[in-house]
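A.B. asks: Use the sequences and the hints to build the structure in full.
Here our numbering is used: position 48 in the sequence shown is 48, and no number is missing along the way.
Misleading hints may appear alongside valid ones.
[Unchecked claim] Label-pair ranges, simulated between beta-carbon atoms:
1. ARG30 x PRO122: 40 to 50 Å
2. GLY56 x PRO26: 33 to 43 Å
3. ARG91 x ASP119: 13 to 23 Å
4. ASN61 x ARG95: 26 to 36 Å
5. TYR121 x ARG25: 18 to 28 Å
6. ALA64 x VAL111: 34 to 44 Å
Simulated from the structure, these hints should not be mistaken for lab results.
Yeah, the Cβ is synthetic: ideal placement off N, Cα and C, and Gly gets one too.
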Amino acid sequence: PAFAAHLRDGEGELRDFGARLATLRPGSSRAAALATAYSAAASFADAQVGRVLREGLDAHNLTASTLVAFCGDHGFKLGHGGSWGKHTLSRADTRVPLVLAGPGVRAGVEVRVPVELLDVYPTLLRLA
Numbered sequence: 001p002a003f004a005a006h007l008r009d010g011e012g013e014l015r016d017f018g019a020r021l022a023t024l025r026p027g028s029s030r031a032a033a034l035a036t037a038y039s040a041a042a043s044f045a046d047a048q049v050g051r052v053l054r055e056g057l058d059a060h061n062l063t064a065s066t067l068v069a070f071c072g073d074h075g076f077k078l079g080h081g082g083s084w085g086k087h088t089l090s091r092a093d094t095r096v097p098l099v100l101a102g103p104g105v106r107a108g109v110e111v112r113v114p115v116e117l118l119d120v121y122p123t124l125l126r127l128a
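C.D. replies: Here it is, written out as structure tokens:
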């Protein structure tokens, strides 16, 4: 439809790239630059989460009494499988990071079954 004209080639997140998507082939210099920038942004975000935990919770002795919930976007494929955005129901496209820590949460447990993000709020209420 006309209102979705910006969603070309199934790459909604990379709006307005249009014909430039052809240059984003794995191994190309443009693809390498995009992957580097994406990795830098993810690394920066990770550092800021660590900073909040260290300077906000640890420094004020709040770690043991604070429930932390961290959830992220599914990110980009960065050319994996010939695609840059995630617009399918494949395993890689539908998974997002979800980390819970604090009182009432067992440390080091990895859940291997799907968790709906709709369940996060009731779970946090139960833990609070």
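A.B. asks: All hints are to be evaluated individually against the structure, with a verdict given for each.
C.D. replies: Hints, verified against the model:
Checked against the given bound of 40 to 50 Å, the beta carbons of ARG30 and PRO122, roughly 44 Å apart, stay inside it. At roughly 39 Å, the beta-carbon separation of GLY56 and PRO26 lies within the given 33 to 43 Å, and the hint holds. A hinted range of 13 to 23 Å holds for the C-beta pair ARG91 and ASP119, which are about 19 Å apart. Roughly 34 Å separates the CB atoms of ASN61 and ARG95, a value that falls within the hinted 26 to 36 Å.
The hinted range of 18 to 28 Å is not satisfied by TYR121 and ARG25, whose Cβ atoms lie roughly 41 Å apart. Here the CB-CB span from ALA64 to VAL111 is close to 23 Å, at odds with the stated 34 to 44 Å.
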